[in-house]
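Student: Please arrange chain B on chain A, whose structure you already have, making use of the hints.
Each protein sequence line maps, in turn, to chains A and B.
So for the first sequence, our numbering puts the first residue at 62; every next one is plus one.
So for the second sequence, our numbering puts the first residue at 7; every next one is plus one.
Hints are computed from structural coordinates only; laboratory data are not their basis.
Among the clues, some could well be false.
Chain A stretches covered by chain B per the calculated footprint, using a threshold of three residues with CB under 8 Å from any CB of chain B [to be verified]:
| hint | stretch |
| --- | --- |
| 1 | 171-177 |
| 2 | 197-206 |
Here are a few chain B residues that face chain A, going by a calculated C-beta distance under 10 Å [claimed, not checked]:
| hint | residue |
| --- | --- |
| 3 | 43 |
| 4 | 96 |
| 5 | 113 |
| 6 | 202 |
| 7 | 237 |
| 8 | 239 |
| 9 | 243 |
All C-beta atoms, glycine included, are put in the ideal place defined by N, C-alpha and C.
The primary structure of each chain is shown beneath.
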Amino acid sequence: MKTTQQVSKLKQGTVLDHLHAGTALRALRVLNLAADQRITIGMNLTSKRLGRKDIIKIDSYELNEDQAAKVALISPDATRSIIRDYKVAEKHDLHLPVAFRGLIRCPNPNCIVHDERIAGSFVVEGRDPVTVSCDYCERSITADQFEFE
Amino acid sequence: MVTARDFVGRDVITVGDIRREELLYLLDAAEEFEGVTGTLLAGRVVATLFFEPSTRTRLSFESAVGRLGGCCIGFAEAGVSSHTKGETLADTVRVIEGYSDLVLIRHPREGTARLAAEFAEIPVVNCGDGAHQHPTQTFVDLYTIRRECGRLDDLHVVFAGDLRYGRAVHSLVSVLTQFNAHLTLVSPNYLRLPGEQRRALEAQGIEYREMTELEAAMPEADVLYMTRVQQERFTDPLEYVKFRDAYTLDLQALEHARKDVAILHPLPRVTEIAPEVDAHPHAAYFRQAHYGVAVRKALLALLLGAAEKVLG
Chain A
62 MKTTQQVSKL
72 KQGTVLDHLH
82 AGTALRALRV
92 LNLAADQRIT
102 IGMNLTSKRL
112 GRKDIIKIDS
122 YELNEDQAAK
132 VALISPDATR
142 SIIRDYKVAE
152 KHDLHLPVAF
162 RGLIRCPNPN
172 CIVHDERIAG
182 SFVVEGRDPV
192 TVSCDYCERS
202 ITADQFEFE
Chain B
7 MVTARDFVGR
17 DVITVGDIRR
27 EELLYLLDAA
37 EEFEGVTGTL
47 LAGRVVATLF
57 FEPSTRTRLS
67 FESAVGRLGG
77 CCIGFAEAGV
87 SSHTKGETLA
97 DTVRVIEGYS
107 DLVLIRHPRE
117 GTARLAAEFA
127 EIPVVNCGDG
137 AHQHPTQTFV
147 DLYTIRRECG
157 RLDDLHVVFA
167 GDLRYGRAVH
177 SLVSVLTQFN
187 AHLTLVSPNY
197 LRLPGEQRRA
207 LEAQGIEYRE
217 MTELEAAMPE
227 ADVLYMTRVQ
237 QERFTDPLEY
247 VKFRDAYTLD
257 LQALEHARKD
267 VAILHPLPRV
277 TEIAPEVDAH
287 PHAAYFRQAH
297 YGVAVRKALL
307 ALLLGAAEKV
317 LG
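Bound conformation, chain A alone (with noise of 0.2 Å):
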């Protein structure tokens, strides 16, 4: 049986695989990207590990830390590779943190960290949904109302 290679191959950039089926576009709108950025995605791929998947490409670009730690909160089973010359140089599992500073708000409007100059400081409370609890309000916040920085 003839296969095919469901997105091309990137020869520099970052690889975001294994993104929860439904999650990419959302992913590239926390990323930010410049405007002209060359990407390409995929969305609801066949996948043996999540059984679909989304993909994200991005060409000539490798995500720092921040971003991938963003990504992670919004698919905690994605993997981020940086292609080096047609090449895997590095991969990583994008793990969910214990707890976390910055990176989103509270989206409680109430919580004094809008009145302060202060990150957010975050609790993870669940991983499916991720669930996060804000350290000073306490409010549970789920990822679909995650307002990130």
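Tutor: For chain B alone, kept in the frame of chain A given last:
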């Protein structure tokens, strides 16, 4: 085993900061502190940063400090602090800790006490942060319940009124889960206990029921905890008007309850308890307000490391 030393220098931000054994120790200590006056806190200064109005909490703390020979500095409304000049809370706290040994803070924003504690080396006690928590009210409530009912375990507690915005409710519900309480939550749908708290109850396997009719909830109650609809938390005044008279406990309604039901209210009340109920032998809400002094005396003495003379 819990000892007085376990409390020294600690912050009290949420009821979750104090374990069940420590709560019981605090309540026992409060009994010991009833009627105690003297100079235990002589030379100690307690800062009261009240960015929001308070009568019972602030005055009972001030009374507690005064009766133990300490003194209070601070303000009772945000308008008289440097907050109005744009000073951050973090800066306010860093300045005040140079003037005092302990900070009491009330603020309309949720999480304020936690933030203050991050910037202060001295103990910070949350006296109410928005609709979030009011832990010292919970200590007073537990003390009152134990005095009125003779125990804390296995009680059927009915909460009625504004369960959405009432921070005293949020704190007390959270603590009662440690005492195998049976909870009935009576409110209009709009004023239900917040989803986080309901999910937390479910996650702990705590059974609770939600109702909208007060009378129907009352027959099994050991404790009836009435609350005011929190006008100051509503963004739409029309919504407040719709719910402000949701429940009124009067003598007729009390006929549905057991004769020995303990009636509590964190006060102030508006229309949710008719004045005719005040003479009911188990109307405990004024005693509850008075117990605040003993409980807060014990808490302050413990946090400031001055309790051992009384507790031994």
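Student: Return the numbers of the hints above that this structure violates; sort them in rising order.
Tutor: Those not satisfied are hints 3, 7 and 9.
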